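S.K.: Next come the chains, spelled out residue by residue.
Number of protein chains: 2
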Amino acid sequence: MIKAVFFDLDDTIADTSRLAEMARKNAIENMIRHGMPADFDTAYNELLELIKEYGSNFDRHFDYLLRRLDLHYNPKWVAAGVIAYHNTKFAYLREVRHVRKTLLKLKEMGILLGIITDGNPIKQWEKILRLELDPYFDEVLISDFVGVKKPHPKIFRKALGKFDVKADEAVMVGDRLYSDIYGAKRVGMHTVWFRYGKYANSEIEYEKYADFTIEDLKELPGIIEVLNGEGKEDSDKKVHTD
Amino acid sequence: MIKAVFFDLDDTIADTSRLAEMARKNAIENMIRHGMPADFDTAYNELLELIKEYGSNFDRHFDYLLRRLDLHYNPKWVAAGVIAYHNTKFAYLREVRHVRKTLLKLKEMGILLGIITDGNPIKQWEKILRLELDPYFDEVLISDFVGVKKPHPKIFRKALGKFDVKADEAVMVGDRLYSDIYGAKRVGMHTVWFRYGKYANSEIEYEKYADFTIEDLKELPGIIEVLNGEGKEDSDKKVHTD
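Chains A and B are the protein sequences, given in the same order.
All you need for my numbering is the position in the first sequence, starting with 1, plus 275.
All you need for my numbering is the position in the second sequence, starting with 1, plus 275.
It is possible that part of the hints are untrue.
Under the rule of at most 27 angstroms between Cα atoms (straight-line distance), these lysine-lysine pairs were calculated in the DSS-like manner [what the hints assert, rightly or not]:
id : chain 1 : residue 1 : chain 2 : residue 2
1  : A       : K429      : A       : K364
2  : B       : K424      : B       : K473
3  : A       : K364      : B       : K364
4  : B       : K493      : B       : K364
5  : A       : K433      : A       : K380
6  : B       : K327      : B       : K380
7  : A       : K364      : A       : K278
8  : A       : K433      : A       : K364
9  : A       : K382      : A       : K300
10 : A       : K300      : B       : K327
11 : A       : K398      : B       : K364
12 : A       : K398      : B       : K398
13 : B       : K437      : B       : K424
14 : B       : K437      : A       : K364
15 : A       : K493      : A       : K437
16 : B       : K424      : B       : K327
17 : B       : K493      : B       : K382
18 : A       : K441      : A       : K493
19 : B       : K382      : A       : K364
20 : B       : K398      : A       : K300
21 : B       : K473      : B       : K437
22 : A       : K327      : A       : K441
23 : A       : K398      : B       : K433
24 : B       : K382      : B       : K300
Just so you know, these hints were derived from the structure itself, not from any lab.
Keep in mind the model is a prediction, meaning the values are calculated, not measured.
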């Protein structure tokens, strides 16, 4: 009997790949518009490299970008980048299609709902609160706050403990095969790979850990029914078999 | 002959006292709305004390607020504070009355325009850019970037050097008697005290350094005319005489 469903946040609940790309591009455009002597492609590619090297939560991207472009420091350009980045981020922040409908349906089925995510706790909460999705979730576990990152078993076990449910009473839904699917499967949870966003074709070697693969969140309630033995045999769910 | 006019930024160009107050109050309200167990007055007063102690550019106000209230750390509450703070700040950010009209008039008179301000360079530029006031100014000097704070003579001398004008060819306009008026007068600039905002009755011991006192920026072009000997004798300017 499934009692709990856990979701990853980025590109499972919140549509963030597009947001980051648009925000970064607009930041570079605004820096150039305010006088930064660089061409767009060079600056954008340097920014992407920098983010790859320092991580997306590094808070001095635009300072370091100027250094990488051999430009003197100019707070006006940095401010132009920061403003455009934030304006764009908030404009593009939206939930993944069918999130709210699916969460409501699961709630009606009496399922406990949680989030298990990596990332900066304040930034992750900011997305949840701006989307006003917090009332749907009974628990939010953010790895940087817990002290371990997915796919470490500890964060999944901690999540199960919060709801006092066994691993086989819980489902993990996420877009990352390694951190979400392999991680949850290792502790014995049911797994649903949400094949979506920029990782739709990544880490395919971990696909064998996905019990189900979906491309639309609204397929989830049906999967819970299948797991509970209530599903129809002729279900059109893409059940992974191996 | 007056060739240049320099302005302070906060509460001279950008109306920021009200902005900070509204943003801080809304931050506390949103933290409480998201479950922070504190009453508004206690939390708001602790926040004000904290800002007084650590400065307004300290970037961990909300973390420290939780500590001061003896609450455990909760990134959700911090995020709720940050979101409300930023939304409110941008909603209330506006220019001081008659700024744009006055700047245009001074431009028409052939005057060079500059800003001399203290504070975090990126945050100060953010205000200028969000208000789209940057095209009006030929130079922006931010003390944290120059390495000295007002009223240090160096920042005023540096400003004069940027425009290649002598001190008595320049006017400083600001709301702070100590940092703006006393500071500029010490290097020999003409001074206009903009009696406005929360410092309208502060540091009165430095009022003797103000050549003129105004309560509306639109009085400025007339003052320049007076200084250039073009002004009418029966001007209603509040000329400070001592």
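S.K.: Does the structure keep K433 of chain A and K380 of chain A at a Cα separation of 27 angstroms or less?
M.R.: Holds - the C-alpha atoms of K380 of chain A and K433 of chain A are around 25 angstroms apart, at most 27 angstroms.
S.K.: Holds or violated: K493 of chain A and K437 of chain A, Cα atoms, limit 27 angstroms.
M.R.: 26 angstroms, holds
S.K.: Could you grab the alpha-carbon distance between K433 of chain A and K364 of chain A and see if it respects the 27 angstroms cut-off?
M.R.: 31 angstroms, violated
S.K.: Within 27 angstroms, alpha carbon to alpha carbon, are K364 of chain A and K364 of chain B?
M.R.: 17 angstroms, holds
S.K.: Hey, K424 of chain B versus K473 of chain B, does the alpha-carbon distance stay inside 27 angstroms?
M.R.: 20 angstroms, holds
S.K.: Holds or violated: K493 of chain B and K382 of chain B, Cα atoms, limit 27 angstroms.
M.R.: Holds, at about 13 angstroms.
S.K.: With the threshold set at 27 angstroms, check whether the alpha-carbon distance from K398 of chain A to K398 of chain B stays at or below it.
M.R.: OK: K398 of chain A and K398 of chain B at ~20 angstroms, within 27 angstroms.
S.K.: Is the hinted pair K382 of chain A and K300 of chain A satisfied, with a Cα-Cα distance of at most 27 angstroms?
M.R.: Violated, at roughly 38 angstroms.
S.K.: Sort out whether K327 of chain B lies within 27 angstroms of K424 of chain B, counting only the CA atoms.
M.R.: Given pair K424 of chain B, K327 of chain B holds - Cα atoms ~18 angstroms apart, limit 27 angstroms.
S.K.: Between K473 of chain B and K437 of chain B, is the straight-line Cα distance small enough, at 27 angstroms or below?
M.R.: 31 angstroms, violated
S.K.: Tell me if the straight-line CA distance from K327 of chain A to K441 of chain A falls inside 27 angstroms.
M.R.: 37 angstroms, violated
S.K.: Could you grab the alpha-carbon distance between K300 of chain A and K327 of chain B and see if it respects the 27 angstroms cut-off?
M.R.: 38 angstroms, violated
The structure is inconsistent with the numbered hints 1, 6, 7, 8, 9, 10, 14, 19, 21, 22, 23 and 24, although it conforms to all the rest.
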